[in-house]
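Work out the full structure, taking the sequences as your base and the hints as a guide.
Read off the chains here:
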Amino acid sequence: MVERSINLNNLDKELLISLFTDVIRLRKFEDKVYQLFLKGELPGTIHQYQGQEAVAVGVCTALNKTDWITSTHRPHGHAIAKGVSMRSAMAELYGKETGCCKGKGGSMHLGDPEVGMLPAIAIVAGGVSIVTGVGLAFKMKNTKQVAACFFGEGATNEGAFHEGLNLAAVQKLPIIYVCENNIYGASTAYNKTTLVENVADRVSSYGMASKIVDGMNVVEVYKAVKEARDAIANGSGPILIEAKTYRFAGHSRGDAKKYRTKEEEDYWRTLDPIDRMKDSLIENNLIDNETFALIVKNIQEEIDDAVVFAQQSPFPKVEDAFIDAYASDMSSPTEVQK
Amino acid sequence: MVERSINLNNLDKELLISLFTDVIRLRKFEDKVYQLFLKGELPGTIHQYQGQEAVAVGVCTALNKTDWITSTHRPHGHAIAKGVSMRSAMAELYGKETGCCKGKGGSMHLGDPEVGMLPAIAIVAGGVSIVTGVGLAFKMKNTKQVAACFFGEGATNEGAFHEGLNLAAVQKLPIIYVCENNIYGASTAYNKTTLVENVADRVSSYGMASKIVDGMNVVEVYKAVKEARDAIANGSGPILIEAKTYRFAGHSRGDAKKYRTKEEEDYWRTLDPIDRMKDSLIENNLIDNETFALIVKNIQEEIDDAVVFAQQSPFPKVEDAFIDAYASDMSSPTEVQK
Amino acid sequence: MTTRRIGIGEAIREAIAEEMQRDENVFLIGEDIGIPGGFGGAFGVYLGLPEKFGHERIIDTPISEKAIIGTSVGAALMGMRPIPDLQYSDFIFECMDEIVNQAAKMRYMSGGKLKVPLTLRCPVGTANRGAQHGQSPESYFIHVPGLKVVCPSDAYVAKGVMKSAIRDDDPVIVFEHKLLYGSKGRESAGGMDLTAEVPEEEYLFPIGKALKKRDGNSLTIISTHLTLYRCLAAAEDLKNEGIECEVIDPVSLLPLDTKTIYDSVNKTGKALIAHEDTFTGGWGAEVAALISQNCFSKLKAPVQRIAAYDVPLPVTPILEQTVVPSIERIKEKIIQLHKMELK
Amino acid sequence: MTTRRIGIGEAIREAIAEEMQRDENVFLIGEDIGIPGGFGGAFGVYLGLPEKFGHERIIDTPISEKAIIGTSVGAALMGMRPIPDLQYSDFIFECMDEIVNQAAKMRYMSGGKLKVPLTLRCPVGTANRGAQHGQSPESYFIHVPGLKVVCPSDAYVAKGVMKSAIRDDDPVIVFEHKLLYGSKGRESAGGMDLTAEVPEEEYLFPIGKALKKRDGNSLTIISTHLTLYRCLAAAEDLKNEGIECEVIDPVSLLPLDTKTIYDSVNKTGKALIAHEDTFTGGWGAEVAALISQNCFSKLKAPVQRIAAYDVPLPVTPILEQTVVPSIERIKEKIIQLHKMELK
Ligand SMILES: Cc1ncc(C[n+]2csc(CCOP(=O)(O)OP(=O)(O)O)c2C)c(N)n1
Ligand SMILES: Cc1ncc(C[n+]2csc(CCOP(=O)(O)OP(=O)(O)O)c2C)c(N)n1
Ligand SMILES: [Mg+2]
Ligand SMILES: [Mg+2]
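Residue numbers (the numbering used here), protein chains in the order written: chain A, 1 to 338; chain B, 1 to 338; chain C, 1 to 343; chain D, 1 to 343.
Keep in mind that the hints were calculated from the coordinates and are not lab data. Every residue gets a Cβ at the ideal spot worked out from N, C-alpha and C, and that includes glycine. Heads up, some of the hints might be wrong.
What the hints assert, rightly or not - In silico DMTMM-like links for lysine to aspartate or glutamate, alpha-carbon gap of 25 Å or less:
hint, chain 1, residue 1, chain 2, residue 2
1, B, K32, B, E97
2, A, K141, D, D169
3, B, K141, C, E51
What the hints assert, rightly or not - Sample of chain A residues facing chain B (criterion: CB under 8 Å; computed from the structure):
hint, residue
4, A160
5, A169
6, T194
7, S204
8, S205
Claimed, not checked - To give an idea of the interface, some chain D residues facing chain B are shown, with a C-beta separation under 7 Å as derived from the structure:
hint, residue
9, D32
10, P62
11, I63
12, K66
13, N128
14, G130
15, Q132
16, S183
17, P314
18, V315
19, P317
20, L319
21, T322
22, M340
Below is the structure:
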């Protein structure tokens, strides 16, 4: 049982408001995406982030703009939190040319080098496999940048997790491994997949540091990453931060969530990262209902604008299918095939 | 610094002599193989087992005949210890039809289902990947058999190690993971590959039991496995036994061993599993020099017989290349290719 | 013989249930396959089976593809008949070593003393999921000696060949198209009826036998999965223009029923291979090479291939439809081939 | 231009050293590559480099193939130019996901915003090591859009194409034959001289360009690696019998220099593709399919293929020699093809 009220650690008001605002931005964005998906406006499938917003926002706010992140099949929140504009994220979900991946990536591959986010990798633990290279590049070039790698608890049973964390530890790479432990991997509860209670316990296999945080508490997540970041950038070695959290929605389209109990869902709802933060901010007289209403209103406008932008954007041209497979000019391998 | 003299734990004489005899059998067999290899009588390459004999003998003697083992690129000792006859092992090294794999497997794939040994797998950690299935079959059929999986410390950095041990633990499979920690993976010292001191420390990631033993002490290895085996056969769940040992020879053909020090090699030589056992047996008046000489003489005869057998055995017939790829009859895929 | 119409998903569920009933060594292992309240596998194929056979024989695993296939190989070597599941075929690259270096080679390395009877199911095909959830990787596996590769495209074949695969003593990979599971194909699949008459009685469809889906004398089309239906639709449309396409479903890519294919091409003198897997190094190359060599003197025109263009899969529909073979593209190719008369 | 004779191993070492000198973003990463007193890589190619460039740029790793390639992909995405090493190409199956799903697709998935300039070296070929240490898996990778695949067979090409690969902005896999590293081929390789005249001055050999190794009008042979030398030996022997073989080393399998190949086949009217990789689904199938289609009217006989038979590799010499293409088998095939006149 975690303490519901959030200790604001007298962080300055501006920061607290921005953390709060971003948590709401992620929530409202995802809610909108879900509506649009149900209306059949978005192709493919989606994996929703509602419930876990405090993790993405806490982590990305604590990072420097020039730091990078890797993401997963559930990347919408990570993308918005790291600074991908709602316009280019929404356009990508619509499969438009103006999307952050020009319509080629889609929901599971959201990302944008311009804001320090690799295209999300939809192979479970795929980001864990690659992030060591991001960290190694920072180390070799001595840029003092840090890479944060998001993944779920289910990913920790993949071989890539073992190989990646071990190499990062022995090479002292500037990496923050962020495990969003939302208890389930698709329909499978974590405790059915391993005898180890906490993901954080597993770092002992690599001589790596770790910390467990309340993933429904944006301030706690922010503080943990903030504290870790600079030392890591300077070569103290990687850390794994396990954020205990919960996904309010199903795993992906058409998941009836029958594998979990109403009681469990209700309990986690009481920890909703928005409500908790709101209450704490009000208790501390840092916002009132008007400012809150204003914040929400601005966010709605941002989202509506993004939707209109996405809807009005053009689809890629058919010929675009044939570019971008290779960087170096190479007589298109598709010529012979036409 | 380990205690050189061996505590015989008043095990009965017959058993002690057989442990001792087998350690010598493995040593002499491998010495012979190396001579033959240098003479150019054996094709390909070899990975020698000298120094590690106490592990294979201790483990395999403690197992039931009906238990199975998996092995690695360094399987000669495991094979002889599990009961592959020197004749069929030597014939396989010669690439003869009478070999345990009919000349198709060779040095890195020694094995024989008849004695409960899968063809050795030369992919590092490959056996770790497969042994869970052997254990699962035993569990599903409730046969009370156990599987022992041999691998080196270098293999513990492979993803297969992580996925395999985790699944075995959560499924409570009847498996004994035997890590022969001989300090090096090829030229690379273990401590350059991970920050964790003991392989045994890594089981905490799986909620698995573990034990560290003196891998140069055949009695200690035997006792550890003996104690573990029956509980494991009855569903207590897997265990990892880390045997601290050393390979006296190079990693494979033409390894000058320049990556390790003379001092280190000399230290481990003082722990030679044959000398230590011999001294302890003599101290305890369990053998005298005549019996020892006789043991060695019999072993020499067994080896000479195996060499003659192998040399006189025929090579496979050319047509044999085309069979055994498939079990079910299938119009040979090679027909069209001829 | 009484029959009823069912779809591929149902047919495969029946095949697995019958074989689990028949042989206690058959079991399922994979991610999210048997969790109560779960999905019954990524495409619901296993729904209902846990209730019938229990969780000892339907084993839910961690997300550990190497362990899933490694465990299956080990169990198969010990006499079990595992049916591992990887959700999407795109994830097969996580356990290639266990498939290529272990499952396919163990028997040969042992001098024929062992066998590896496992049946791996792999859903393939695009569905607006992007580059990592829409591949059709079957072609890699025809290049692995020791494996068998089958691609059922209708319910009758699916049930029969799945049962044959489970009983086969060698490792078999069964590639199924995710848009063909339903009884009615999705829009994206042209919404055609995908059910087939399937006997109530038990039957097997042998591995290594091709099926002629349509007779014709103008040219021979060889195709599988969703592309096969697109070829059939194209063939139907072109009937009016006097082009009579013979359409063959190879079903099994390894071993390949070359006789059925050669007989047809020797009759028509023209061949077109069409698949959703990418072009270069695709299985169409092997089939084209074999036909070109073995039907050489009967060929009236060069053997043609249609496949997904050589790029990763884009997610947005307009690009995805551009990359994978469409009915339109297939028609053009057929017409072009029909016109060719180089000798 | 001054030159000297060196072998492939030396040539590749020079190429890497020159590129590391030229571009500080180039680095090596893998198992046992830089350990003091160690092997300098499984085949000694890196010996001497740590002394020159230090251990910050020659990174020894745990035995973790997924991490080696994953790390290389990530570093490449960040602007580095990694040269990962996997010791034997047989181990590439441990990191197929990182190669097929990540390295090859990242650029496309990002809408062209990123690039993955990495160069993976993979030693192939049999050497009595058995089923898991002698494969030639290059064919799998011509089926991966986003990758480039080259197979240098002599020191001149090896140095030039290795340098091109390192400078290339796309992931390139360089397959080298382990029996061709030395300056003198091993017995098993026929003991022929493997050195080539290599300029002292810097030069590049472009990816995508084939080399004509021998002129002739009777038929065209396309081959790489050790098999290429066996084809050349066979061609030499058959000169006396009046068979003039034209021998082409494609060097690059993806992209393929089809022009050089078609020009030759259009001239000779006959083609034989020979490789050590297995037959079914091998790269020879793609080349045979392309030739059969694009040189159709000029072909005087069906395109032929020689490859390792479709079985795992047996270890004992007599069986291994049976499975991989020998000079004898190649000769028979050439004579057989030479006699064919089907039109
Ligand atoms: C290698 C691989 N295996 C399986 C899948 C299918 N899959 C997609 S998401 C998922 C569950 C992941 O669980 P977790 O890592 O906890 O992330 P979460 O979905 O909870 O955010 C699975 C099994 C995949 N995408 N990649
Ligand atoms: C997957 C894989 N990677 C690399 C190799 C090459 N290799 C063979 S043995 C070896 C070292 C293994 O070390 P360890 O596991 O400690 O066993 P040891 O040789 O010490 O007995 C390596 C790297 C391999 N065979 N398989
Ligand atoms: Mg989860
Ligand atoms: Mg070792």
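Evaluation of the provided hints:
1. Distance hint between K32/B and E97/B is fulfilled; the C-alpha atoms sit about 20 Å from each other, no more than 25 Å.
2. Note on K141/A and D169/D: the hinted pairing holds, with a Cα-Cα distance of about 19 Å set against a maximum of 25 Å.
3. Our distance criterion of 25 Å between C-alpha atoms is met by K141/B and E51/C, whose separation comes to about 20 Å.
4. For the restraint placing A160/A at the interface with chain B, the shortest Cβ-Cβ distance is roughly 6 Å, inside the 8 Å limit, so the hint holds.
5. Satisfaction of the interface hint for A169/A is found here, the shortest Cβ-Cβ separation to chain B being roughly 5 Å, below the 8 Å cut-off.
6. About 5 Å separates the beta-carbon of T194/A from the nearest beta-carbon of chain B, less than 8 Å, and the hint is met.
7. Evaluation of the S204/A hint against chain B yields a held restraint, the C-beta minimum of about 5 Å falling below 8 Å.
8. Evaluation of the S205/A hint against chain B yields a held restraint, the C-beta minimum of about 4 Å falling below 8 Å.
9. A hinted interface residue such as D32/D counts as satisfied when its beta carbon comes closer than 7 Å to some beta carbon of chain B; here the least separation is about 5 Å, so the hint holds.
10. The beta carbon of P62/D is positioned within 7 Å of a beta carbon in chain B (closest approach about 3 Å), and the interface hint is therefore held.
11. Proximity of I63/D to chain B holds as hinted, the smallest CB-CB distance being about 5 Å (cut-off 7 Å).
12. With a least beta-carbon distance of about 5 Å to chain B, the hint placing K66/D at the interface is held under the 7 Å criterion.
13. A cut of 7 Å between beta carbons decides the hint on N128/D: the least distance to chain B is about 4 Å, and the hint holds.
14. Taken as an interface hint, G130/D checks out: its beta carbon lies about 5 Å from the nearest beta carbon of chain B, inside 7 Å.
15. A least Cβ separation of about 5 Å between Q132/D and chain B falls short of the 7 Å threshold, and the interface hint therefore holds.
16. A hinted interface residue such as S183/D counts as satisfied when its beta carbon comes closer than 7 Å to some beta carbon of chain B; here the least separation is about 17 Å, so the hint is violated.
17. Contact between P314/D and chain B, as hinted, is supported at the beta carbon level, the nearest pair being about 4 Å apart and thus within 7 Å.
18. For V315/D, the interface hint holds, since its Cβ comes within 7 Å of a Cβ in chain B; the closest pair sits about 3 Å apart.
19. Because the closest C-beta pair between P317/D and chain B is about 5 Å apart, less than 7 Å, the hint holds.
20. Nearest Cβ of chain B to the Cβ of L319/D: about 4 Å, under the 7 Å cut. The hint holds.
21. For the restraint placing T322/D at the interface with chain B, the shortest Cβ-Cβ distance is roughly 4 Å, inside the 7 Å limit, so the hint holds.
22. Restraint check, M340/D versus chain B: the minimum CB separation of about 16 Å is more than 7 Å; hint violated.
The earlier numbered hints that this structure contradicts are 16, 22.
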